[in-house]
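Using the sequences provided together with the hints, build the complete structure.
When you read off a place in the sequence shown, starting at 1, and then add 38, the result is the number in the numbering used here.
Source of the hints: derived by calculation from the structure; they are not laboratory data.
Wrong hints could be hidden among the right ones.
Unchecked claim - Pairs of lysine to any residue, SDA-like flavour, derived with a Cα cap of 20 Å:
(1) 116 - 104
(2) 116 - 106
(3) 71 - 85
(4) 116 - 105
(5) 71 - 60
(6) 71 - 59
(7) 116 - 126
To be verified - For each label pair, taking beta carbons as the anchor points, the in silico distance ranges come out as:
(8) 108 - 69: 51 to 59 Å
(9) 52 - 76: 31 to 39 Å
(10) 96 - 59: 54 to 62 Å
(11) 111 - 79: 39 to 47 Å
Being a predicted model, the structure only gives us computed values, none of them experimental.
Yeah, the Cβ is synthetic: ideal placement off N, Cα and C, and Gly gets one too.
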Amino acid sequence: MGPEMAAVVVPLAGMAMIVSIVLGIPLVRAYTKRVDSRGAPPAIPGDVTARLERIEHAIDAMAVEVERIAEGQRFTTKLLSERASSREALPTRATEGRS
39 MGPEMAAVVV
49 PLAGMAMIVS
59 IVLGIPLVRA
69 YTKRVDSRGA
79 PPAIPGDVTA
89 RLERIEHAID
99 AMAVEVERIA
109 EGQRFTTKLL
119 SERASSREAL
129 PTRATEGRS
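Shown next as C-alpha coordinates:
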(Lines of atoms letter the chains of each structure in order from A; the text may use other names.)
(Lines give C-alpha, C1' and ligand atoms only; values in the text may rest on other atoms or scores of the structure.)
Protein backbone atom coordinates (compact mmCIF):
# COMPACT_ATOMS: atom_id res chain seq x y z
CA MET A 39 0.00 0.00 0.00
CA GLY A 40 1.57 3.20 -1.21
CA PRO A 41 1.41 6.70 0.20
CA GLU A 42 -1.28 7.68 -2.31
CA MET A 43 -3.49 4.79 -1.18
CA ALA A 44 -2.97 5.62 2.52
CA ALA A 45 -3.96 9.21 1.81
CA VAL A 46 -7.32 7.95 0.49
CA VAL A 47 -7.98 5.09 2.95
CA VAL A 48 -7.36 7.01 6.18
CA PRO A 49 -9.94 9.77 5.48
CA LEU A 50 -12.46 7.18 4.25
CA ALA A 51 -11.98 5.08 7.41
CA GLY A 52 -12.37 8.18 9.56
CA MET A 53 -15.53 9.16 7.71
CA ALA A 54 -16.92 5.60 8.11
CA MET A 55 -16.25 5.75 11.86
CA ILE A 56 -18.01 9.07 12.23
CA VAL A 57 -21.04 7.84 10.25
CA SER A 58 -21.23 4.61 12.26
CA ILE A 59 -21.08 6.52 15.55
CA VAL A 60 -23.67 9.10 14.46
CA LEU A 61 -26.06 6.38 13.28
CA GLY A 62 -25.15 3.76 15.88
CA ILE A 63 -25.83 5.73 19.06
CA PRO A 64 -29.52 6.46 18.27
CA LEU A 65 -30.02 2.87 17.10
CA VAL A 66 -28.56 1.48 20.31
CA ARG A 67 -30.67 3.86 22.42
CA ALA A 68 -33.85 2.85 20.57
CA TYR A 69 -33.04 -0.84 20.97
CA THR A 70 -32.36 -0.56 24.71
CA LYS A 71 -35.55 1.47 25.21
CA ARG A 72 -37.51 -1.22 23.39
CA VAL A 73 -35.97 -4.00 25.48
CA ASP A 74 -36.66 -2.09 28.72
CA SER A 75 -40.29 -1.46 27.82
CA ARG A 76 -40.83 -5.18 27.14
CA GLY A 77 -39.52 -6.13 30.57
CA ALA A 78 -42.06 -3.99 32.46
CA PRO A 79 -44.62 -6.22 34.20
CA PRO A 80 -48.26 -5.60 33.40
CA ALA A 81 -50.35 -3.81 35.99
CA ILE A 82 -52.31 -6.05 38.37
CA PRO A 83 -56.07 -5.46 38.19
CA GLY A 84 -57.82 -4.18 41.32
CA ASP A 85 -60.06 -7.23 41.72
CA VAL A 86 -57.03 -9.53 41.82
CA THR A 87 -55.44 -7.36 44.48
CA ALA A 88 -58.62 -7.49 46.56
CA ARG A 89 -58.79 -11.28 46.23
CA LEU A 90 -55.16 -11.64 47.28
CA GLU A 91 -55.80 -9.50 50.36
CA ARG A 92 -58.81 -11.64 51.33
CA ILE A 93 -56.74 -14.80 50.88
CA GLU A 94 -53.99 -13.30 53.04
CA HIS A 95 -56.46 -12.47 55.83
CA ALA A 96 -57.96 -15.96 55.64
CA ILE A 97 -54.53 -17.57 55.91
CA ASP A 98 -53.66 -15.35 58.88
CA ALA A 99 -56.90 -16.39 60.61
CA MET A 100 -56.12 -20.06 59.96
CA ALA A 101 -52.62 -19.62 61.38
CA VAL A 102 -54.07 -18.17 64.58
CA GLU A 103 -56.51 -21.08 64.90
CA VAL A 104 -53.76 -23.65 64.30
CA GLU A 105 -51.67 -21.98 67.00
CA ARG A 106 -54.61 -22.18 69.42
CA ILE A 107 -55.05 -25.88 68.65
CA ALA A 108 -51.33 -26.48 69.19
CA GLU A 109 -51.44 -24.63 72.51
CA GLY A 110 -54.41 -26.73 73.61
CA GLN A 111 -52.57 -29.90 72.66
CA ARG A 112 -49.48 -28.83 74.61
CA PHE A 113 -51.66 -28.10 77.65
CA THR A 114 -53.42 -31.47 77.41
CA THR A 115 -50.10 -33.29 77.04
CA LYS A 116 -48.75 -31.47 80.09
CA LEU A 117 -51.80 -32.43 82.16
CA LEU A 118 -51.59 -36.06 81.10
CA SER A 119 -47.87 -36.28 81.87
CA GLU A 120 -48.40 -34.70 85.31
CA ARG A 121 -51.25 -37.09 85.97
CA ALA A 122 -49.11 -40.09 84.99
CA SER A 123 -46.19 -38.97 87.18
CA SER A 124 -48.49 -38.41 90.18
CA ARG A 125 -49.88 -41.94 89.80
CA GLU A 126 -46.37 -43.40 89.78
CA ALA A 127 -45.62 -41.62 93.06
CA LEU A 128 -48.64 -43.18 94.82
CA PRO A 129 -48.25 -46.77 95.99
CA THR A 130 -50.68 -49.26 94.52
CA ARG A 131 -52.80 -51.59 96.66
CA ALA A 132 -50.87 -54.66 95.54
CA THR A 133 -47.59 -53.26 96.88
CA GLU A 134 -49.20 -52.14 100.18
CA GLY A 135 -50.29 -55.68 101.08
CA ARG A 136 -46.83 -57.15 100.61
CA SER A 137 -45.04 -55.02 103.17
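Here is how each hint holds up against the structure:
1. 116 - 104: Holds: residue 116 and residue 104 sit about 18 Å apart, inside 20 Å.
2. 116 - 106: With Cα atoms ~15 Å apart, residue 116 and residue 106 stay inside 20 Å; holds.
3. 71 - 85: 31 Å, violated
4. 116 - 105: 16 Å, holds
5. 71 - 60: Roughly 18 Å separates the two Cα atoms, so the pair holds.
6. 71 - 59: Since the Cα atoms of residue 71 and residue 59 sit roughly 18 Å apart, the hinted pair holds (cutoff 20 Å).
7. 116 - 126: 16 Å, holds
8. 108 - 69: 51 to 59 Å: At roughly 57 Å between Cβ atoms, residue 69 and residue 108 fall inside 51 to 59 Å, so the hint holds.
9. 52 - 76: 31 to 39 Å: With a Cβ separation near 36 Å, residue 52 and residue 76 satisfy 31 to 39 Å, so the hint holds.
10. 96 - 59: 54 to 62 Å: 60 Å, holds
11. 111 - 79: 39 to 47 Å: With Cβ atoms ~43 Å apart, the hint holds.
When held up to the earlier numbered hints, the structure conflicts with hint 3 and nothing else.
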